[in-house]
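Undergrad: Residues per chain, in single letters:
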Amino acid sequence: MERRRFLTIAGAAAGTLLLPISGRLIAAEALTETLDVAVKKRLADVALDAARGAGASYCDVRIGRYMQQFVVTREKQVNNVVNTESTGIGVRVIANGTWGFAATRDLSKDAVAEAARTAVAIAKANSRIQTEPVQLAPVKGAGEISWATPIEKNAMAVPLKDKVDLLLSVNAAALEAGASFVNSTLFLVNEQKYFASTDGSYIDQDVHRLWAPMQVTAVDKESGKFRTRAGLSTPVGMGYEYLDGTAADRIELPGGVEIYSKRYDMVADARAAAKQAQQKLKATSVKPGKYDLVLDPTHMWLTIHESVGHPLELDRVLGYEANYAGTSFATLDKRDAGFKYGSDKVTLFADKVQEGSLGAVAYDDEGVKTKRWDLVKDGVLVNYQAIRDQAHVIGEKESHGCCYADSWSSVQFQRMANVSLAAGKDELSVEQMIEGVDKGIYIVGAGSFSIDQQRYNAQFGGQLFFAIEDGKITEQIEDVAYQMRTPEFWNACSAICDERDYRMGGSFFDGKGQPPQISAVSHGSATARFDGINVINTARSLG
Amino acid sequence: MSIMTESQAKAILDKVIELSKADECSAFLGGERTGNIRFARNAVSTSGEVSDAQLVVQVAFGTRSGTATTNSFDDASLERVVRAAENLAKLAPESEEFMPALDKQSYMDTKTFQKGTDEVDPAFRASAAADSIESCKKEKLVAAGFLTDSRTFSAFANSNGNFAYQTNTELDYTCTVRTEDDTGSGWVARNLGDAKQFDAKKDIATAMRKAKGSVEAKAIEPGKYTVILEPAAASGLITFMMFGFDARQADEGRSFLAKKGGGNRIGEQVFDERVDLWTDPADPRAPTLPWDQTGQARKKMPIIEKGKVKYLQYSRYWAQKQEKESHGQPGNLIMAGGDKSTEELVKGTRRGILVTRTWYIRMVDPQTVLLTGLTRDGTFYIEDGEVKYPIKNMRFNESPVIMLNNIEELGIPERLQVGGGQNQFLALIPALKVRDFTFTSLSDAV
Numbered sequence: 001m002e003r004r005r006f007l008t009i010a011g012a013a014a015g016t017l018l019l020p021i022s023g024r025l026i027a028a029e030a031l032t033e034t035l036d037v038a039v040k041k042r043l044a045d046v047a048l049d050a051a052r053g054a055g056a057s058y059c060d061v062r063i064g065r066y067m068q069q070f071v072v073t074r075e076k077q078v079n080n081v082v083n084t085e086s087t088g089i090g091v092r093v094i095a096n097g098t099w100g101f102a103a104t105r106d107l108s109k110d111a112v113a114e115a116a117r118t119a120v121a122i123a124k125a126n127s128r129i130q131t132e133p134v135q136l137a138p139v140k141g142a143g144e145i146s147w148a149t150p151i152e153k154n155a156m157a158v159p160l161k162d163k164v165d166l167l168l169s170v171n172a173a174a175l176e177a178g179a180s181f182v183n184s185t186l187f188l189v190n191e192q193k194y195f196a197s198t199d200g201s202y203i204d205q206d207v208h209r210l211w212a213p214m215q216v217t218a219v220d221k222e223s224g225k226f227r228t229r230a231g232l233s234t235p236v237g238m239g240y241e242y243l244d245g246t247a248a249d250r251i252e253l254p255g256g257v258e259i260y261s262k263r264y265d266m267v268a269d270a271r272a273a274a275k276q277a278q279q280k281l282k283a284t285s286v287k288p289g290k291y292d293l294v295l296d297p298t299h300m301w302l303t304i305h306e307s308v309g310h311p312l313e314l315d316r317v318l319g320y321e322a323n324y325a326g327t328s329f330a331t332l333d334k335r336d337a338g339f340k341y342g343s344d345k346v347t348l349f350a351d352k353v354q355e356g357s358l359g360a361v362a363y364d365d366e367g368v369k370t371k372r373w374d375l376v377k378d379g380v381l382v383n384y385q386a387i388r389d390q391a392h393v394i395g396e397k398e399s400h401g402c403c404y405a406d407s408w409s410s411v412q413f414q415r416m417a418n419v420s421l422a423a424g425k426d427e428l429s430v431e432q433m434i435e436g437v438d439k440g441i442y443i444v445g446a447g448s449f450s451i452d453q454q455r456y457n458a459q460f461g462g463q464l465f466f467a468i469e470d471g472k473i474t475e476q477i478e479d480v481a482y483q484m485r486t487p488e489f490w491n492a493c494s495a496i497c498d499e500r501d502y503r504m505g506g507s508f509f510d511g512k513g514q515p516p517q518i519s520a521v522s523h524g525s526a527t528a529r530f531d532g533i534n535v536i537n538t539a540r541s542l543g
Numbered sequence: 001m002s003i004m005t006e007s008q009a010k011a012i013l014d015k016v017i018e019l020s021k022a023d024e025c026s027a028f029l030g031g032e033r034t035g036n037i038r039f040a041r042n043a044v045s046t047s048g049e050v051s052d053a054q055l056v057v058q059v060a061f062g063t064r065s066g067t068a069t070t071n072s073f074d075d076a077s078l079e080r081v082v083r084a085a086e087n088l089a090k091l092a093p094e095s096e097e098f099m100p101a102l103d104k105q106s107y108m109d110t111k112t113f114q115k116g117t118d119e120v121d122p123a124f125r126a127s128a129a130a131d132s133i134e135s136c137k138k139e140k141l142v143a144a145g146f147l148t149d150s151r152t153f154s155a156f157a158n159s160n161g162n163f164a165y166q167t168n169t170e171l172d173y174t175c176t177v178r179t180e181d182d183t184g185s186g187w188v189a190r191n192l193g194d195a196k197q198f199d200a201k202k203d204i205a206t207a208m209r210k211a212k213g214s215v216e217a218k219a220i221e222p223g224k225y226t227v228i229l230e231p232a233a234a235s236g237l238i239t240f241m242m243f244g245f246d247a248r249q250a251d252e253g254r255s256f257l258a259k260k261g262g263g264n265r266i267g268e269q270v271f272d273e274r275v276d277l278w279t280d281p282a283d284p285r286a287p288t289l290p291w292d293q294t295g296q297a298r299k300k301m302p303i304i305e306k307g308k309v310k311y312l313q314y315s316r317y318w319a320q321k322q323e324k325e326s327h328g329q330p331g332n333l334i335m336a337g338g339d340k341s342t343e344e345l346v347k348g349t350r351r352g353i354l355v356t357r358t359w360y361i362r363m364v365d366p367q368t369v370l371l372t373g374l375t376r377d378g379t380f381y382i383e384d385g386e387v388k389y390p391i392k393n394m395r396f397n398e399s400p401v402i403m404l405n406n407i408e409e410l411g412i413p414e415r416l417q418v419g420g421g422q423n424q425f426l427a428l429i430p431a432l433k434v435r436d437f438t439f440t441s442l443s444d445a446v
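Going down the list, the sequences are from chains A and B.
Going by this note's numbering, the first sequence opens with residue 1, and the numbers climb by one from there.
Going by this note's numbering, the second sequence opens with residue 1, and the numbers climb by one from there.
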């Protein structure tokens with residue numbers, strides 16, 4: 001409650017919303033500034049030289065300028081506008097076969113050299129209790145490289161007034177359409193990251209991300225009932241152009257649901273959300289039992305994240321996260337035995353390259369060129385997510401390129417890449433999929449989620465639920481949650497729509513590590529069908 | 001200079017207030033020195049120390065307000081941060097919900113600093129890790145844990161003449177112990193203000209006992225059971241429920257404490273009459289700062305008394321609109337218990353389940369505070385007053401509101417750090433014995 005790194009941003013639906021703010025707050029005009037690459041290279045060389053001089057066998061340097069802007073509104077009010085910036089340098093070394101790390105926000109040459117020497121001293125001190133020396137998969141130096149998220153409009157450069165006007169028009173649309181309350185927010189992130197290492201890499205990257213969540217609430221005061229419908233947007237690795245959605249970007253789905261793919265029309269979604277929140281108040285409560293589930297990509301991403309992305313992180317598999325995030329059921333022996341993770345239709349791949357995704361970068365935070373690789377191929381577990389000091393554990397010669405730190409002051413470690421479900425190979429639309437279902441539920445949007453520490457038993461809710469009977473959607477229903485055991489669930493996948501329906505969802509705040517770090521990650525899929533899944537009714541009475 | 005003395009902090013805050021040309025100015029200055037050590041697979045994985053400090057400046061022109069922050073405290077930086085806040089305020093829209101700077105506050109005396117905890121060093125941390133690891137190695141168990149210690153200072157001033165300064169110390173230790181074959185898992189958590197009271201060897205024994213005792217767990221049918229939730233297990237559900245104690249949400253009809261037809265349920269019997277819950281910043285067992293994030297004074301206040309709702313959190317704006325009083329947001333949570341240990345609660349139980357810890361709790365339906373989550377790191381079947389055998393973990397779908405109406409007995413409250421991640425606070429929560437707790441499925445996770 002009192003942690004300094006959190007500022008209170010009032011006005012969220014859940015009362016007071018605490019957001020992780022890791023930097024100092026700055027004026028709007030400073031958001032578009034960048035640091036000179038030549039200055040960063042000189043500073044990086046100071047650190048690399050100092051580390052080598054102190055006895056490091058390897059050193060990498062990350063000079064980061066991390067910028068965030070939050071615009072928070074409810075109904076006709078702007079609750080808060082926050083600009084933050086955090087700049088500094090993190091130096092990681094290997095000395096005596098052991099990692100050491102130190103960071104400073106002082107970018108003078110002396111302070112940077114001192115940080116490098118401190119990192120070496122920590123490595124040497126820790127090497128006394130080291131049982132296995134670090135084995136680093138080789139990386140060829142990239143030379144001097146620069147990369148930027150392909151954006152059309154830098155969200156940081158868009159005038160604050162335009163952002164406030166957009167959110168207030170979103171709120172007005174929801175209220176006009178009958179909402180009792182509406183909260184809407186813009187989260188904008190720009191990571192200006194410079195990486196250099198003793199491998200000979202000098203990599204400058206300018207990474208942009210954006211998220212525009214909203215929450216629309218309908219209240220029936222007489223009955224005391226209330227329901228919310230969250231926005232159906234996705235956080236993206238894009239610029240402000242994501243919010244330029246118009247009617248042409250709208251996709252009409254069964255059940256009268258409208259969603260958006262490449263560009264988002266937030267005002268139209270607010271209007272729809274208000275109507276659907278009111279419908280939720282009077283929707284039929286689900287009868288518990290076994291159902292065939294038809295899961296839209298706005299929902300699938302979270303199920304993929306929890307039941308595939310996390311269990312296939314190698315540090316969890318090995319036990320490094322046992323005291324916090326947990327371990328994994330998907331142990332190394334299962335991969336060696338060709339464990340059947342899912343049905344033959346299921347191919348799940350990891351990547352750090354999908355355009356528009358939250359994870360997309362050219363190089364990861366230890367200078368490894370990013371790529372795509374399979375985790376589950378035609379239903380069989382084939383690989384994990386591993387970084388340079390883990391690759392040898394799974395018999396690989398190179399890192400997968402999924403190393404990340406959430407700040408210059410945090411030590412980089414293995415984080416989830418984008419993990420996605422490959423679209424079906426045969427032509428299949430959502431309508432055709434539903435036509436084949438006798439007794440099912442069509443779920444749109446992510447809701448409540450919970451999964452055990454080894455990623456076996458999970459429970460998921462959603463935003464919108466529609467009953468399917470004899471191939472047709474009959475009505476909107478409520479109080480739905482499904483429970484699953486991960487391998488049985490993925491083995492129950494009987495159909496996946498084709499590439500035309502492939503869309504991404506994602507999380508801005510995936511947490512891991514002690515002290516905790518956050519990261520942003522996308523998950524793509526087309527609509528998928530899972531047969532005979534256990535659905536519970538979540539309605540209760542407080543008397 | 002991350003940890004400043006009172007006079008150093010006051011000098012900076014005085015300068016900020018003096019520099020501001022806005023109608024009003026509030027400033028918050030805080031700093032920390034934290035240390036940590038992380039271990040897994042019976043070896044140290046990472047360790048470090050972080051020193052940092054931050055100044056937050058809030059200013060207002062009329063009802064337009066702006067906020068800016070800096071890490072640098074020289075005169076030029078202070079001037080820059082004040083001007084940055086003023087520039088943002090000038091760009092900000094007028095706010096109908098704007099509240100002026102706090103009037104002069106009177107703060108309670110709370111003892112949040114313990115000499116000794118501020119002197120925890122890398123050797124102390126390394127020995128805690130070594131004690132945990134060596135104990136486990138001897139018995140072919142595997143330890144993964146985290147120890148973090150912190151010394152912080154907080155200071156607040158505004159243009160109405162408020163000034164306050166206080167220091168805080170804390171030590172937090174958690175350790176998960178697993179059997180080498182991954183068939184058993186145990187856990188222990190310890191939060192202390194005074195590091196001298198910390199004994200890793202003693203605490204690790206609890207996690208080791210649970211790990212060994214949870215091997216060869218049997219599956220039982222999910223359903224409604226009498227459960228004994230150890231304090232850590234109970235706190236997961238109770239603290240989640242506290243998000244509903246916001247007056248505005250309740251008055252707006254979107255909380256379980258909203259009244260049908262409008263208004264809120266203050267004064268109503270919502271829980272079993274044995275439920276007493278309050279906040280007290282000065283409680284020596286879980287002391288907290290006497291002001292909240294906005295500088296508003298905290299008080300000792302009943303929240304639930306004999307099962308009746310006594311208090312909802314009114315923001316200053318909502319309190320003014322509803323003509324109610326506003327107090328500082330509570331910084332700790334204290335629940336009354338009984339005098340029985342967990343072992344004594346087990347002795348008095350004919351059939352039931354003992355739960356060490358609850359995990360991954362999420363809101364399923366805010367209307368009823370229906371929560372889902374799982375048991376973890378030691379779940380046991382009780383028969384005729386004895387722990388008979390370990391059982392597999394289970395998922396629950398339960399509302400703490402229903403749970404706190406099904407109380408059988410209360411145990412001795414324990415100090416816990418609750419809230420998760422970096423959004424943490426101190427609580428004193430007893431073990432709870434409750435009937436008809438709803439488990440909905442089995443988990444194969446160990």
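No lab work stands behind these hints: they were computed from the structure.
Hints may be right or wrong, so weigh each one.
As the list claims (entries may be wrong) - Okay, derived cross-link-like pairs now, BS3-like style, lysine-lysine, Cα gap no bigger than 30 Å in a straight line:
hint	chain 1	residue 1	chain 2	residue 2
1	A	K161	B	K90
2	B	K202	B	K138
3	B	K140	A	K221
4	B	K347	B	K300
5	A	K153	B	K90
6	B	K21	A	K334
7	A	K124	B	K196
8	B	K310	B	K324
9	A	K334	B	K137
10	A	K275	B	K260
11	A	K334	B	K392
12	B	K347	A	K221
13	A	K334	B	K218
14	B	K259	A	K287
15	A	K439	B	K224
16	B	K388	A	K76
17	B	K260	A	K76
18	A	K221	B	K388
19	B	K300	B	K259
20	A	K124	B	K137
21	B	K259	B	K310
22	B	K138	A	K334
23	B	K115	B	K202
24	A	K225	B	K201
25	B	K201	B	K300
26	B	K137	B	K321
27	B	K90	A	K76
28	B	K310	B	K299
29	A	K287	B	K392
30	B	K140	B	K115
31	A	K290	B	K224
32	A	K140	A	K377
33	A	K369	A	K153
Undergrad: Work down the list of hints and note, for each, if the structure agrees.
TA: Outcome of the hint check:
1. Under the criterion of a C-alpha separation no larger than 30 Å, the hint pairing K161 of chain A with K90 of chain B is consistent with the structure, at around 12 Å.
2. Only pairs whose Cα atoms come within 30 Å are accepted, and K202 of chain B paired with K138 of chain B is accepted, the gap being roughly 15 Å.
3. A hinted pair counts as satisfied when its Cα atoms are at most 30 Å apart, and K140 of chain B with K221 of chain A does not qualify at roughly 59 Å.
4. Annotation: proposed proximity of K347 of chain B to K300 of chain B is violated, straight-line Cα distance about 35 Å (limit 30 Å).
5. A C-alpha spacing of about 25 Å is found between K153 of chain A and K90 of chain B, which places the hinted pair at or below 30 Å, so the restraint holds.
6. This hinted pair does not check out: K21 of chain B and K334 of chain A have alpha carbons roughly 67 Å apart, beyond 30 Å.
7. Pair hint K124 of chain A plus K196 of chain B holds up; C-alpha atoms about 29 Å apart against a cutoff of 30 Å.
8. The hinted pair formed by K310 of chain B and K324 of chain B meets the criterion: a straight-line CA distance of about 13 Å does not exceed 30 Å.
9. Restraint check for K334 of chain A and K137 of chain B: satisfied, since their Cα atoms lie roughly 26 Å apart, inside the 30 Å limit.
10. Note on K275 of chain A and K260 of chain B: the hinted pairing holds, with a Cα-Cα distance of about 22 Å set against a maximum of 30 Å.
11. Straight-line distance between C-alpha atoms of K334 of chain A and K392 of chain B comes to about 21 Å, which keeps the hinted pair within the 30 Å bound.
12. Note on K347 of chain B and K221 of chain A: the hinted pairing is violated, with a Cα-Cα distance of about 47 Å set against a maximum of 30 Å.
13. At roughly 23 Å between alpha-carbon atoms, K334 of chain A and K218 of chain B fall within 30 Å of each other, so this suggested pair holds.
14. About 28 Å separates the Cα atoms of K259 of chain B and K287 of chain A, which keeps this hinted pair within 30 Å; it holds.
15. Pair hint K439 of chain A plus K224 of chain B holds up; C-alpha atoms about 29 Å apart against a cutoff of 30 Å.
16. Annotation: proposed proximity of K388 of chain B to K76 of chain A is violated, straight-line Cα distance about 59 Å (limit 30 Å).
17. Between the alpha carbons of K260 of chain B and K76 of chain A the distance comes to roughly 26 Å, so the proposed pair stays at or under 30 Å and holds.
18. Annotation: proposed proximity of K221 of chain A to K388 of chain B is violated, straight-line Cα distance about 49 Å (limit 30 Å).
19. For a cut-off of 30 Å, the pair hint linking K300 of chain B to K259 of chain B stands: about 26 Å separates their Cα positions.
20. About 24 Å separates the Cα atoms of K124 of chain A and K137 of chain B, which keeps this hinted pair within 30 Å; it holds.
21. Pair hint K259 of chain B plus K310 of chain B holds up; C-alpha atoms about 15 Å apart against a cutoff of 30 Å.
22. The straight-line distance between the Cα atoms of K138 of chain B and K334 of chain A is roughly 29 Å, inside the 30 Å bound, and the hint therefore holds.
23. Annotation: proposed proximity of K115 of chain B to K202 of chain B holds, straight-line Cα distance about 22 Å (limit 30 Å).
24. Of the supplied pair hints, the one linking K225 of chain A and K201 of chain B is violated, its CA atoms being roughly 51 Å apart against a limit of 30 Å.
25. In summary, the hint linking K201 of chain B to K300 of chain B is not supported, as the alpha carbons are separated by about 36 Å, beyond the 30 Å threshold.
26. In summary, the hint linking K137 of chain B to K321 of chain B is not supported, as the alpha carbons are separated by about 61 Å, beyond the 30 Å threshold.
27. For the given pair, K90 of chain B sits about 19 Å from K76 of chain A by alpha-carbon distance, which is consistent with the 30 Å threshold.
28. Note on K310 of chain B and K299 of chain B: the hinted pairing holds, with a Cα-Cα distance of about 14 Å set against a maximum of 30 Å.
29. A distance of roughly 28 Å separates the Cα atoms of K287 of chain A and K392 of chain B; the hinted pair therefore holds under the 30 Å criterion.
30. This hinted pair does not check out: K140 of chain B and K115 of chain B have alpha carbons roughly 37 Å apart, beyond 30 Å.
31. Simply put, K290 of chain A and K224 of chain B have alpha-carbon atoms about 21 Å apart, close enough for the 30 Å limit, and the pair holds.
32. Straight-line distance between C-alpha atoms of K140 of chain A and K377 of chain A comes to about 29 Å, which keeps the hinted pair within the 30 Å bound.
33. Between K369 of chain A and K153 of chain A the alpha-carbon distance is near 26 Å, which keeps this suggested pair within the 30 Å criterion.
Hint compliance for this structure: hints 3, 4, 6, 12, 16, 18, 24, 25, 26 and 30 are not met, and every other hint is.
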